[in-house]
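J.: What follows is each chain in one-letter form.
2 protein chains.
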Amino acid sequence: MTGVTDTLAYRLGTLGGRVADRFIQAVAGYGVKPRHVALLVVIDSSRPASQLELARRLRIAPSLVVQLADHLVALGAIERSRDARDRRRQYLLLTDAGRRLLAACAAAARRVDEEVAAGLDDGQRDDLRLLLAKVSDTLAP
Amino acid sequence: MTGVTDTLAYRLGTLGGRVADRFIQAVAGYGVKPRHVALLVVIDSSRPASQLELARRLRIAPSLVVQLADHLVALGAIERSRDARDRRRQYLLLTDAGRRLLAACAAAARRVDEEVAAGLDDGQRDDLRLLLAKVSDTLAP
DNA sequence: TATTGTTATACTCTATAACTATA
DNA sequence: TATAGTTATAGAGTATAACAATA
Numbered sequence: 117m118t119g120v121t122d123t124l125a126y127r128l129g130t131l132g133g134r135v136a137d138r139f140i141q142a143v144a145g146y147g148v149k150p151r152h153v154a155l156l157v158v159i160d161s162s163r164p165a166s167q168l169e170l171a172r173r174l175r176i177a178p179s180l181v182v183q184l185a186d187h188l189v190a191l192g193a194i195e196r197s198r199d200a201r202d203r204r205r206q207y208l209l210l211t212d213a214g215r216r217l218l219a220a221c222a223a224a225a226r227r228v229d230e231e232v233a234a235g236l237d238d239g240q241r242d243d244l245r246l247l248l249a250k251v252s253d254t255l256a257p
Numbered sequence: 117m118t119g120v121t122d123t124l125a126y127r128l129g130t131l132g133g134r135v136a137d138r139f140i141q142a143v144a145g146y147g148v149k150p151r152h153v154a155l156l157v158v159i160d161s162s163r164p165a166s167q168l169e170l171a172r173r174l175r176i177a178p179s180l181v182v183q184l185a186d187h188l189v190a191l192g193a194i195e196r197s198r199d200a201r202d203r204r205r206q207y208l209l210l211t212d213a214g215r216r217l218l219a220a221c222a223a224a225a226r227r228v229d230e231e232v233a234a235g236l237d238d239g240q241r242d243d244l245r246l247l248l249a250k251v252s253d254t255l256a257p
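Protein sequence lines correspond, in order, to chains A and B. The working numbering numbers the first residue of the first sequence as 117 and each following residue consecutively. The working numbering numbers the first residue of the second sequence as 117 and each following residue consecutively.
Read the hints as simulated data drawn from the structure, not as lab findings. Computed from a prediction, not measured in an experiment: that's the story for all the values here. Careful: at least some of the hints might be erroneous.
Pairs of lysine to aspartate or glutamate residues, derived as DMTMM-like cross-links and limited to a Cα-Cα distance of at most 25 Å, are as follows [to be verified]:
#, chain 1, residue 1, chain 2, residue 2
1, A, Lys149, B, Asp122
2, B, Lys250, A, Asp199
3, B, Lys149, A, Asp137
4, B, Lys149, A, Asp243
5, B, Lys250, A, Glu231
6, A, Lys250, B, Glu169
7, A, Lys250, B, Glu231
8, B, Lys149, A, Glu230
9, A, Lys250, B, Asp122
10, A, Lys149, B, Glu230
11, B, Lys149, A, Asp212
12, A, Lys250, B, Asp237
13, B, Lys149, A, Asp122
14, B, Lys149, B, Asp238
15, A, Lys250, B, Asp238
16, A, Lys250, B, Asp137
17, B, Lys250, A, Asp243
18, B, Lys250, A, Asp137
19, A, Lys250, B, Asp242
20, A, Lys250, B, Asp253
21, B, Lys250, A, Asp212
22, A, Lys149, A, Asp212
23, A, Lys250, B, Glu230
24, B, Lys250, A, Asp253
Covered stretches of chain B (chain A as the covering partner; in silico rule of three or more C-beta atoms under 8 Å from a C-beta of chain A) [as the list claims (entries may be wrong)]:
#, segment
25, 117-129
26, 177-183
27, 228-242
Cβ coordinates follow ideal geometry from the N, Cα and C atoms, glycine included.
Construct the complete structure from the given sequences, taking the supplied hints into account.
T.: Now the structure itself:
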């Protein structure tokens, strides 16, 4: 009988935590945490989106988007821009500094990858990336 | 230039969280959370260990082991047994009910796997398991 | 009245520090 | 005095609920 440690669910869950801890350390120097990076990512990879839209995409509470955005504004990484036609809405937009910050976080993630994937050859790294992407897509909706 | 989402670190971190959420739901009916399952796993897969040893293996605070163990004792899943030669030490031992609970959690994890790996064929599932195991080993120490 | 964003509050998780008992 | 375990306390992270502004 296979044990719980043999399952993808258990391995992905525990390993995800270990890797996330390293990522936290890797980006801490830039004054951000994984949630901030995730927000930067979705801002970067979509048409200008309101805070509520971003909350839905990230599956986090709207009030948390406010806090994360406040912090990123303070860092100069994003700007809030009111919708002229519906003044309730505020779009979050990356600044040049925000793009540089995101690039720095990507570089930090690649440094973590060096450690995480130290035991894998290039082909295995690509295989793993592909398989994780497939799983992500499965869980996407 | 590769973005942060292309890295293993970012994917493993975010995906780990999503999968962990599903695992939490899957075992909630048994009255346990992932930390309890992790404690059951290490108790099951080692010589009788003191609470402090278990804390070190799980990389969690000794005080947390106390809380988790209290809960598992209340569920009847483990028993505390004092070391006769050093009455400060308490070994945590699985009961039969604990073994059944662990088996139920493994079954729950396999149900989560059905969802997580729905987009992968059997060969890909094995590949992913193997690659994750390799990465786990790399990060083990 | 409904929706967007914000603020206030509460809850969960977990660690650190203080304490007890045994050595 | 040092160690295993326990209890008390505090901090981080995040959600829910109450509120403000606009539609």
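J.: Now tell me, hint by hint, if it's right for this structure.
T.: These are the hints, each one checked on the structure:
1. Using a Cα cut-off of 25 Å, the hinted pair A/Lys149 and B/Asp122 holds, with the two alpha carbons roughly 18 Å apart.
2. Restraint check for B/Lys250 and A/Asp199: the C-alpha separation of about 49 Å exceeds 25 Å, so the hint is violated.
3. Restraint check for B/Lys149 and A/Asp137: the C-alpha separation of about 20 Å stays at or below 25 Å, so the hint holds.
4. With a C-alpha separation of about 31 Å, the suggested pairing of B/Lys149 with A/Asp243 is violated against the 25 Å cut-off.
5. A threshold of 25 Å between alpha carbons decides the hint, and for B/Lys250 with A/Glu231 the separation of about 12 Å falls inside it, so the pair holds.
6. About 38 Å separates the Cα atoms of A/Lys250 and B/Glu169, which puts this hinted pair outside 25 Å; it is violated.
7. With a CA separation close to 12 Å, the supplied pair A/Lys250 and B/Glu231 stays within the 25 Å bound.
8. Distance hint between B/Lys149 and A/Glu230 is unfulfilled; the C-alpha atoms sit about 31 Å from each other, more than 25 Å.
9. Taken as a hint, the A/Lys250 and B/Asp122 pair is honoured in the structure, with Cα atoms around 13 Å apart against an allowance of 25 Å.
10. Note on A/Lys149 and B/Glu230: the hinted pairing is violated, with a Cα-Cα distance of about 31 Å set against a maximum of 25 Å.
11. With a C-alpha separation of about 42 Å, the suggested pair B/Lys149 and A/Asp212 falls outside the 25 Å cut-off, and the hint is violated.
12. Taken as a hint, the A/Lys250 and B/Asp237 pair is honoured in the structure, with Cα atoms around 11 Å apart against an allowance of 25 Å.
13. Pair hint B/Lys149 plus A/Asp122 holds up; C-alpha atoms about 18 Å apart against a cutoff of 25 Å.
14. Distance check on the hinted pair: B/Lys149 and B/Asp238 sit about 28 Å apart at the alpha-carbon level, beyond 25 Å; violated.
15. Taking the CA atoms of A/Lys250 and B/Asp238, the gap is near 14 Å; set against the 25 Å cutoff, the hint holds.
16. For the suggested pair A/Lys250 and B/Asp137, the alpha carbons sit about 18 Å apart, so the restraint of at most 25 Å is met.
17. Distance hint between B/Lys250 and A/Asp243 is fulfilled; the C-alpha atoms sit about 13 Å from each other, no more than 25 Å.
18. Distance hint between B/Lys250 and A/Asp137 is fulfilled; the C-alpha atoms sit about 18 Å from each other, no more than 25 Å.
19. Our distance criterion of 25 Å between C-alpha atoms is met by A/Lys250 and B/Asp242, whose separation comes to about 14 Å.
20. A hinted pair counts as satisfied when its Cα atoms are at most 25 Å apart, and A/Lys250 with B/Asp253 qualifies at roughly 23 Å.
21. About 39 Å separates the Cα atoms of B/Lys250 and A/Asp212, which puts this hinted pair outside 25 Å; it is violated.
22. A threshold of 25 Å between alpha carbons decides the hint, and for A/Lys149 with A/Asp212 the separation of about 19 Å falls inside it, so the pair holds.
23. For the suggested pair A/Lys250 and B/Glu230, the alpha carbons sit about 14 Å apart, so the restraint of at most 25 Å is met.
24. Note on B/Lys250 and A/Asp253: the hinted pairing holds, with a Cα-Cα distance of about 23 Å set against a maximum of 25 Å.
25. Against chain A, the segment 117-129 of chain B contributes 13 residues with a C-beta closer than 8 Å to a partner C-beta. That satisfies the three-residue criterion, and the hint holds.
26. Coverage of a stretch by a chain is defined here by at least three residues with a beta carbon nearer than 8 Å to that chain's beta carbons; for the segment 177-183 of chain B and chain A the count is 0, and the condition is violated.
27. For the segment 228-242 of chain B, the assignment as covered by chain A holds, since 10 residues bring a beta-carbon within under 8 Å of that chain's beta-carbons and 3 suffice.
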